[in-house]
Amino acid sequence: MVSVTGFAPRFARAAPTVVDINQGNFKPVPIAIPPFVPVTAEDAGVASEITQVITNNLRRSGLFAPIDPAAYIQKITDVDAVPQFDSWKVINAQALITGRVRREGSRVKADFRLWDVLAGQQLTGQQYNTTAENTRRLAHIISDAAYTRITGENGYFDSRVVFVDETGSKDKRVKRLAIMDQDGFGVRYLTRGDDLVLTPRFSPTTQEITYMSYGASDPRVYLLNIETGQREIVGNFPGMTFSPRFSPDGQRVIMSLAQGRNSNLFIMDLRSKSTTRLTDTPAIDTAPSFAPDGSRICFESDRGGSQQIYVMGGSGGAAQRISFGEGSYSTPVWSPKGDYIAFTKLGGGRFSIGIMKPDGSGERILTEGFHNEGPTFCPNGRVIMFFREAGGSGGPSLFTVDVSGRNEQRVQTPAFGSDPAWSPLLS
Amino acid sequence: MILGRAKFVVFLLASLAVAGCASKQIEEGAGLAGSAAPGSPQDFVVNVGDRVFFETDQTELTAQGRSTLDKQAQWLQQYNRYAFTIQGHADERGTREYNIALGARRAQSVREYLAARGVAPTRMRTISYGKERPVAVCDDISCWSQNRRAVTVLNAGGQS
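Residue numbers (the numbering used here), protein chains in the order written: chain P, 1 to 427; chain G, 1001 to 1160.
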């Protein structure tokens, strides 16, 4: 969709990563992002949009502090010329992004260069070529390139979020599946609201979603192709299936099946359609999530009396409880790097979002309040999205928080929003 | 005890109507009290009681719940033309997936009780709505306790 050409860094020396974002005393990197230069007057709108998207992405990440453009001294007009580093040093910029945009028919071409102001050198440079409707994606890809070069970690801006759009009063709520870019733009509805839909989750290919839907018969787990709109029921189970999630290879869906008083975990191979029981307990086992290498599964169970998080092998078997703090734990989800499990914690009438290591150690609460629920990791594991209810007759909103617990921010949605699930990187 | 419960029910209906959040069934029931034809769905809702309530995070029936279900079982055996669905619900103070399972368990508690009282299992279907269909909307226990419920809904197609 977006083609990329590397720029020979004309002025570069071998440069180290600029900052260490994992230091405790980390401060956001001051960065200057002067307006991308439109090649013709007609390109001004696109250039401005790209500049805005990059600026917003980097600011929202909490790792960058974009400098107020009013402070800029040099006006960038030639992207191929070396910037006047002194004029950017004076306003305390550590990094500088310059770029140029031109439209050719239905296509958009953009060049960008990332500069280390203090070292006076180019860190990276790329040229992108895409169709006009992908302009925002192009800006997300540039944002990722800058983020990666400066932090040394993969970015996450070129990604989407599927969530449940909620409208209407609380006792007559209409829920629709919706998808949007990670920054809240480009919302598109995937269902019409006729049926109650819950807990959408992305496939690793980002082309499919699995979710729970009510319909004419028992509520079921479904698959939805987000490009074609094709929809199918997952499996032929004797009862309600819910709480689905893809395996890391995308070939299987793990879910809960309610039978009698109990809910147990099952997995279905999407190609062979064969199903396998993974747990067999007189309990509620639900909210399963695979480790990124597929070797283990975390889930919640009340087999010990209250909801707690357990970990078992990737094909079932004995499970170890890993949550031992005060209160109960639910909705565990494994991080993309495998280093953490995020969860919802209930205690003292409060709902928190937290993370712990897969062995249960190192628990850290990231946000706490009346009702926070349903964490999902961004593709590099640095940011968690969740939903929050304030109580009363209102509805839920989406929020993000850094895994350090810093930088909590609301994600704008057209109406109420819940059950977010972050996609992997699109490219 | 019975008098006390009756008072409580009256209060509940009044407060629901004021809050504008009563379910359709309750509103219909309130308007038709006394005039419901024996054996009609209104009769079931008004004179028998279509729902039982649960304690926080519990799926065991309360004494009051068993009393209501005894009356339901008697009525359902008398008017055996009805098939019905038992809807299990949870309050909003739990996570989504768990509440779906919890609602399923509450519906199953009712199903097992009615079956033990002689109602044919073939007439019953269960469904859980988790926390998705509250009847009372506020952020305190007065609402949550009304939402932790299992409702016996007579299938319209079951009427002869």
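Source of the hints: derived by calculation from the structure; they are not laboratory data. Treat the hints loosely; a few may be bogus.
What the hints assert, rightly or not - DSBU-like cross-link-like pairs, simulated, lysine-lysine; straight-line CA separation at most 35 Å:
#1 K109/P <-> K89/P
#2 K1071/G <-> K357/P
#3 K1071/G <-> K75/P
#4 K357/P <-> K27/P
#5 K89/P <-> K75/P
Stated by the list, open to error - Per label pair, the in silico range of CB-to-CB distance:
#6 N1080/G <-> G362/P: 56 to 62 Å
#7 R321/P <-> T1062/G: 47 to 53 Å
#8 D195/P <-> S1035/G: 51 to 57 Å
Even for Gly, the Cβ is constructed at its ideal location relative to N, Cα and C.
Now the hints, each set against the structure:
1. Between the alpha carbons of K109/P and K89/P the distance comes to roughly 29 Å, so the proposed pair stays at or under 35 Å and holds.
2. Taking the CA atoms of K1071/G and K357/P, the gap is near 52 Å; set against the 35 Å cutoff, the hint is violated.
3. A hinted pair counts as satisfied when its Cα atoms are at most 35 Å apart, and K1071/G with K75/P does not qualify at roughly 82 Å.
4. Restraint check: the Cα-Cα separation between K357/P and K27/P comes to about 25 Å, which is no more than 35 Å; the hinted pair holds.
5. Distance check on the hinted pair: K89/P and K75/P sit about 14 Å apart at the alpha-carbon level, within 35 Å; holds.
6. For N1080/G paired with G362/P, a C-beta distance near 59 Å keeps the hint of 56 to 62 Å intact.
7. Between R321/P and T1062/G the Cβ separation comes to about 30 Å, which falls outside the hinted range of 47 to 53 Å.
8. Here the CB-CB span from D195/P to S1035/G is close to 36 Å, at odds with the stated 51 to 57 Å.
The earlier numbered hints that this structure contradicts are 2, 3, 7, 8.
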